[in-house]
Amino acid sequence: MLQKRYVMTGAFLLCWYCTLIAQQLKLGSNPTTLTKSALLELSSVNQGLLFPRLSDTVSINSSSPPDGMVIYFTPTKQLMLRINSAWQPIVSGAVTAANAWSINGNSNGATKILGTLDNFDFPIYTNNTERMRVAATGNVAIGATSFDAVNPEKLLVNAGSTNSVNAIYAKGSINSYFQINIMNQGNGAKASTDIVATANNGTETTNFMDMGINGSGWQQSSQSPISTGLANDCYLLAAGQDFYLANNNASKNIIFLTGGTLAANEAMRITSTGSIAMGLTSTTAKLDVAGTYKMGAKGTINKNEISFASSISSGTTVTAGTISLLAIGGYTVGSSDLTFAIPTTNIPTTTQATVAVSFGADLPANVFVGSARVQNLSGVWSVKLRLMNGSATTATFTTATPVYFTIIEF
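Residues in the sequence shown are numbered from 1 upward in steps of one, following this note's numbering.
Bear in mind the hints are in silico, worked out from the structure with no lab data behind them.
Model, not experiment: these values are computed from the prediction.
Do not rely on the hints blindly, as some may be mistaken.
Pairs of lysine to aspartate or glutamate, EDC-like flavour, derived with a Cα cap of 16 Å [claimed, not checked]: (1) Lys-286 <-> Glu-305; (2) Lys-190 <-> Asp-233; (3) Lys-294 <-> Glu-305.
Pair by pair, the computed Cβ-Cβ distance ranges are [what the hints assert, rightly or not]: (4) Gln-241 <-> Lys-286: 40 to 46 Å; (5) Gly-186 <-> Leu-79: 44 to 50 Å; (6) Asp-194 <-> Ala-144: 43 to 49 Å; (7) Ile-270 <-> Lys-294: 19 to 25 Å; (8) Gly-217 <-> Asp-148: 40 to 46 Å; (9) Ala-144 <-> Ser-59: 30 to 36 Å; (10) Asp-233 <-> Val-380: 23 to 29 Å; (11) Lys-384 <-> Asn-249: 46 to 52 Å; (12) Lys-286 <-> Gly-186: 32 to 38 Å; (13) Ser-164 <-> Asn-119: 30 to 36 Å; (14) Ser-335 <-> Lys-286: 36 to 42 Å; (15) Ala-159 <-> Ile-255: 55 to 61 Å; (16) Leu-54 <-> Asn-104: 18 to 24 Å.
Idealized CB from N, CA, C, for every residue including glycine.
From just these sequences and the hints, can you work out the full model?
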């Protein structure tokens, strides 16, 4: 019996030796029956191959495992094959059909996962070129594979060299406001929400334009390049060269509203001709203010400034002065009052006003202005002009003389 065992052992060793010589290894039953194309062959009717069982891939990844290595990943209960430096699940056709994402769509019946289960990015390809990437950190890039090192973008769109003017275009149809909304949910002293357009040579402090709103906890700081206003104040800030606010429609205006969005809330407009109207919706003047105004730090608040022209008719006379030999001084200056109607389109609101007067020609000799004032006689508004005559003879206007009035209310 012992001799028989030696014979069998010797035969087995001989076969083993022959197998090694042939650079093939077979374990299990029928060790002499080899498959020539197999370097390692297992044969059994009641045993299987047990792969290394790993609960994570951190440790093995640190050893730079080559493509083609196989492990059993216990969290997902799957065999994993190393492909392109990443672990990919090995699944059967039946499992694939039941669990894979079908090109014709899926009926999942529950939430499913599309992506990676380890610390690797998830790239998406078309035409054998990467088009989009979901980073292991959750950042999403379209047209790019990396993110800003200091301020990584949560969503990055890089159109690269393109013939399209559209990078992002949102469309919709709704009988209400349709928006793209951003919100900084922080309430710190530096928190604000901003939409920024940056030039190709822009930085965090130069060559950009910023439209934003300060957060509820905002506190202005001289250290911030965009610090302006108080908590919840809105702003439009430029940090480039000249700042243009333009309406490219040659027949339309730029309109400013305060206190609401109704037409009645209009405070100022710059017309298409470059005129400025404040409190008005139209004007023929370069600057038109419907209300009071003040000039200079020490100036007073004034109301309307009214200018109009009239004339003194040819033949108008100014009474001569009189000489009295019995009176002390002996002479009284003559005077005549002239009345000039104020145009109905420029009726003042009060007689409390100053009147400046000038003439389009020289006055007759010895004639000068004594006074000018606004008067309202039963609803008829006019300027009363008193001309004085320093001569003892009547003065006469030999030709029509233009006269110009400026009324300033206060």
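Evaluated hints:
About 14 Å separates the Cα atoms of Lys-286 and Glu-305, which keeps this hinted pair within 16 Å; it holds. The straight-line distance between the Cα atoms of Lys-190 and Asp-233 is roughly 13 Å, inside the 16 Å bound, and the hint therefore holds. Distance hint between Lys-294 and Glu-305 is fulfilled; the C-alpha atoms sit about 12 Å from each other, no more than 16 Å. Distance hint check: the CB atoms of Gln-241 and Lys-286 are about 27 Å apart, inconsistent with the given range 40 to 46 Å.
At about 46 Å, the beta-carbon gap between Gly-186 and Leu-79 stays in the expected band of 44 to 50 Å. A hinted range of 43 to 49 Å is violated for the C-beta pair Asp-194 and Ala-144, which are about 22 Å apart. For Ile-270 and Lys-294, the hinted distance range of 19 to 25 Å is satisfied, since their beta carbons lie about 21 Å from each other. Under the hint 40 to 46 Å, the C-beta atoms of Gly-217 and Asp-148, about 26 Å apart, miss the expected range.
Our hint of 30 to 36 Å for Ala-144 and Ser-59 holds, since their Cβ atoms are close to 31 Å apart. In this structure the hint that Asp-233 and Val-380 lie 23 to 29 Å apart at CB is violated, the actual value being about 51 Å. A beta carbon spacing of about 48 Å between Lys-384 and Asn-249 agrees with the range 46 to 52 Å that was offered as a hint. Evaluation of the 32 to 38 Å hint for Lys-286 and Gly-186 yields a failure: the beta carbon distance comes to about 47 Å.
Separated by about 35 Å at the C-beta atoms, Ser-164 and Asn-119 satisfy the suggested range of 30 to 36 Å. Look at Ser-335 against Lys-286: about 39 Å separates their beta carbons, and that is inside 36 to 42 Å. Checked against the hint of 55 to 61 Å, the C-beta distance between Ala-159 and Ile-255 comes to roughly 35 Å, which is inconsistent with it. Take Leu-54 and Asn-104: their Cβ atoms lie about 34 Å apart, and the range 18 to 24 Å is violated.
Hint compliance for this structure: hints 4, 6, 8, 10, 12, 15, 16 are broken, all remaining hints hold.
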